[in-house]
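Trainee: Okay, here's what each chain looks like letter by letter:
There are 2 protein chains.
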Amino acid sequence: MTSPLRLGIAGLGTVGVGVVRIVRQQAKMLTTRAGRPIEIVAVSARTRDKDRGVNLSHYDWEDDPVALAKRDDVDVFVELMGGSDGPAKAATEAALAAGKDVVTANKAMLAHHGQALAELAESKGCNLRYEAAVAGGIPVIKALMEGLAGNEMTRVMGVMNGTCNYILTRMQNAGLTYEEAFAEADGLGYLEADPNLDVGGIDAGHKLAILSALAFGTRTNFDAVELEGIGAITIDDITQAADMGYRIKLLGVAQMTGRGLEQRMSPCLVPASSPLGQLEGGTNMVVLEGDAVEQIVLRGPGAGEGPTASAVMGDVMDIARGLRLPVFGQPAETLADARAANSTVPAAYYLRLQLIDKPGALAKITAILGDAGVSIDRMRQYGHQDTSAPVLIVTHKTTRADLSEALAAVRETDVVLADPVAIRIEEV
Amino acid sequence: MTSPLRLGIAGLGTVGVGVVRIVRQQAKMLTTRAGRPIEIVAVSARTRDKDRGVNLSHYDWEDDPVALAKRDDVDVFVELMGGSDGPAKAATEAALAAGKDVVTANKAMLAHHGQALAELAESKGCNLRYEAAVAGGIPVIKALMEGLAGNEMTRVMGVMNGTCNYILTRMQNAGLTYEEAFAEADGLGYLEADPNLDVGGIDAGHKLAILSALAFGTRTNFDAVELEGIGAITIDDITQAADMGYRIKLLGVAQMTGRGLEQRMSPCLVPASSPLGQLEGGTNMVVLEGDAVEQIVLRGPGAGEGPTASAVMGDVMDIARGLRLPVFGQPAETLADARAANSTVPAAYYLRLQLIDKPGALAKITAILGDAGVSIDRMRQYGHQDTSAPVLIVTHKTTRADLSEALAAVRETDVVLADPVAIRIEEV
Chain U
1 MTSPLRLGIA GLGTVGVGVV RIVRQQAKML TTRAGRPIEI VAVSARTRDK DRGVNLSHYD
61 WEDDPVALAK RDDVDVFVEL MGGSDGPAKA ATEAALAAGK DVVTANKAML AHHGQALAEL
121 AESKGCNLRY EAAVAGGIPV IKALMEGLAG NEMTRVMGVM NGTCNYILTR MQNAGLTYEE
181 AFAEADGLGY LEADPNLDVG GIDAGHKLAI LSALAFGTRT NFDAVELEGI GAITIDDITQ
241 AADMGYRIKL LGVAQMTGRG LEQRMSPCLV PASSPLGQLE GGTNMVVLEG DAVEQIVLRG
301 PGAGEGPTAS AVMGDVMDIA RGLRLPVFGQ PAETLADARA ANSTVPAAYY LRLQLIDKPG
361 ALAKITAILG DAGVSIDRMR QYGHQDTSAP VLIVTHKTTR ADLSEALAAV RETDVVLADP
421 VAIRIEEV
Chain G
1 MTSPLRLGIA GLGTVGVGVV RIVRQQAKML TTRAGRPIEI VAVSARTRDK DRGVNLSHYD
61 WEDDPVALAK RDDVDVFVEL MGGSDGPAKA ATEAALAAGK DVVTANKAML AHHGQALAEL
121 AESKGCNLRY EAAVAGGIPV IKALMEGLAG NEMTRVMGVM NGTCNYILTR MQNAGLTYEE
181 AFAEADGLGY LEADPNLDVG GIDAGHKLAI LSALAFGTRT NFDAVELEGI GAITIDDITQ
241 AADMGYRIKL LGVAQMTGRG LEQRMSPCLV PASSPLGQLE GGTNMVVLEG DAVEQIVLRG
301 PGAGEGPTAS AVMGDVMDIA RGLRLPVFGQ PAETLADARA ANSTVPAAYY LRLQLIDKPG
361 ALAKITAILG DAGVSIDRMR QYGHQDTSAP VLIVTHKTTR ADLSEALAAV RETDVVLADP
421 VAIRIEEV
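Those protein sequences? They're chains U and G, same order as listed. When we follow full-length UniProt numbering, the leftmost residue of the first sequence carries the number 1, and every step to the right adds one. When we follow full-length UniProt numbering, the leftmost residue of the second sequence carries the number 1, and every step to the right adds one.
Mixed in with the good hints there might be a few duds.
Claimed, not checked - For lysine-lysine, the following DSSO-like pairs were computed, each having C-alpha atoms within a straight-line distance of at most 27 Å:
#1 U/K89 x U/K50
#2 U/K89 x U/K70
#3 G/K124 x U/K28
#4 G/K89 x G/K70
#5 G/K89 x G/K124
#6 U/K124 x G/K28
Simulated from the structure, these hints should not be mistaken for lab results.
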């Protein structure tokens, strides 16, 4: 029997408590699988006196996570506090500087400081593992970094914010407005304290930035993620997309193009019959495409005590078993500073226009689209609503630049009543 | 730069050629990711003079795979010959005995000899890796052994024979008979030389035996897999299952019960709206359920040059990066010799009976079912065909033992014209 692997856990929210539970309840199984015991030596959280439903009396308590991170008797610092900066980052850096391995669920910290943390970890010969940061219980980091290591990845996609998918699914299935579905999700406690992290696509954007770095060997660059939330999606869009055989998802897409790395987190139409289109409620899905493997789809719970703790424990077990890997699967100094190249991959678009109901309105619009090089694949005009006529258009493939030019011209006409809605149709 | 990892590849069929292609074409990427070059030093196959579409002139040729496995300049023996015994097993044993790591795609060899090979590998401190043996390009071995290592697994399921799923999908979507769909698959080259390996469930059963060992910490025991192929499935069953909201899949299910390990590979009804129900064509899907992670679904190509070579390369890269793991995720001597406990988990069943069209026939059948403790959830009687009347029954949950007793009694009556069809409805 080799020496135990000793954990210090900072952050005792849902996930931290889940990790404590697994370590306590599955001690024998973990020891058999790792070849050594997994032990918790100390914990830290903002408030000590709180009933968390688990017995913490066997562990030392540290008020200061940095002190916890530096303890001589801690082998692995488990960071479950969250937040891109502040105590999480300070304690992670302290642990790495002290030569300790780190396991974290902190997507914001990695999206913003991935490169610097990877350099620090590797300079110290430490692991920094973060399976729980992306898509909850789905072992997608492992799949991408290890299982698909023989592939040149071509595209990575994901529905990685369960709250947004819940809202969109409720709009679709129960006919709720965005505001009603948002209120329902809020009532269920699904939303972050700052809801814009969810519905603005930021949380999912953090995850995409991490997957991009892994897939394409680039430095994490969250600022280059083109972000668009779901707040502008109406029940009309959902219904009309469904009529045409599509679903609307907040979809992250990363792909390397001739002009640089494209990272988008935005509402997209996907075929209703595709795995992404069929994904309902809070479940997450990641699609990984590589030159050899073609396409792998991974589906599972994106949040919650058990699933997220499962991901944390996967990393802990890797470390217990002696795995050593660069933080992003290749040495940090070899990661490329990829040029951001948003919206270079052409796509078909769904357009919804509210036209004034008068002769020649539609002709004016189609002429503008044609002049900008945006050709029309399908068009539907619905029954008049008072004095306006909703028109739906599915374009042939076009660049976002051409489309934006066309929509700017459309806005300047006297025949549209509202800002045109344009949603990308992603081929999946 | 550390020393190169030197491969000897035995077997130059589709997968072997795929591996050669990746090693040649992605040398730089692989070196960056592994931290060392990956090189092929020697290859072996049954016939030397054959155009395989790749240049093999840089590699030594060995007629004898055992000689290849023992070469001093080979670090990793890559076994892609296939077959549970014979040269594949001899060469694998020779490589392990010589202290070399082995990567194999050989499901039959592992299903039949997994325990002995694991003991040999671990006694020599060698890796024996087999990602490509199960579900092609899907990194399911890695997910189960590493990513979900913090979970006590509760159930593992999978559609893992693309040929069977292709046949069933064609019956469903094109209305073909089993014989027609089988002939089509044969014409497309989808069937093994012995088609019973596919349609008899043997190939998929091998894969299930491997997943079972990993999930439940048991010795591989292929003989304990309850096997039932798809040959008895008729277009009627497919159509009628669809009418009730189900699809028929050749589904592998392994779960640990109070009475032992249950391993089944058999046609099952699954809800049409579930990920398994939506799986069409040759694609594979594995569902992993654990106490913490709840449910993970992995979907991807189950065969083909690129996907299977991707899986082989995942293992090669793990070894290049220094990963060391017991063959089944825990030391071979700790794997339990689980009692085989087939058909202990109750389920609802779909029954199709061909009754003689005379008064009292149905009453007689329902009385027999009731006497055996099999209660009826739903029943449909279709229009008479000549002098017989097809009756469909969905039972409430029952044990296979009770059902078998009932069906034996049904067969002995004078009111059934054909052997009753009984297909399990798996809750997914």
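Trainee: All hints are to be evaluated individually against the structure, with a verdict given for each.
Mentor: Okay, the hints, checked on the actual structure:
A hinted pair counts as satisfied when its Cα atoms are at most 27 Å apart, and U/K89 with U/K50 qualifies at roughly 24 Å. With a CA separation close to 13 Å, the supplied pair U/K89 and U/K70 stays within the 27 Å bound. Our distance criterion of 27 Å between C-alpha atoms is met by G/K124 and U/K28, whose separation comes to about 25 Å. This hinted pair checks out: G/K89 and G/K70 have alpha carbons roughly 13 Å apart, not beyond 27 Å.
For the hint pairing G/K89 with G/K124, the CA-to-CA distance comes to about 16 Å; that is within 27 Å, so the pair holds. Straight-line distance between C-alpha atoms of U/K124 and G/K28 comes to about 25 Å, which keeps the hinted pair within the 27 Å bound.
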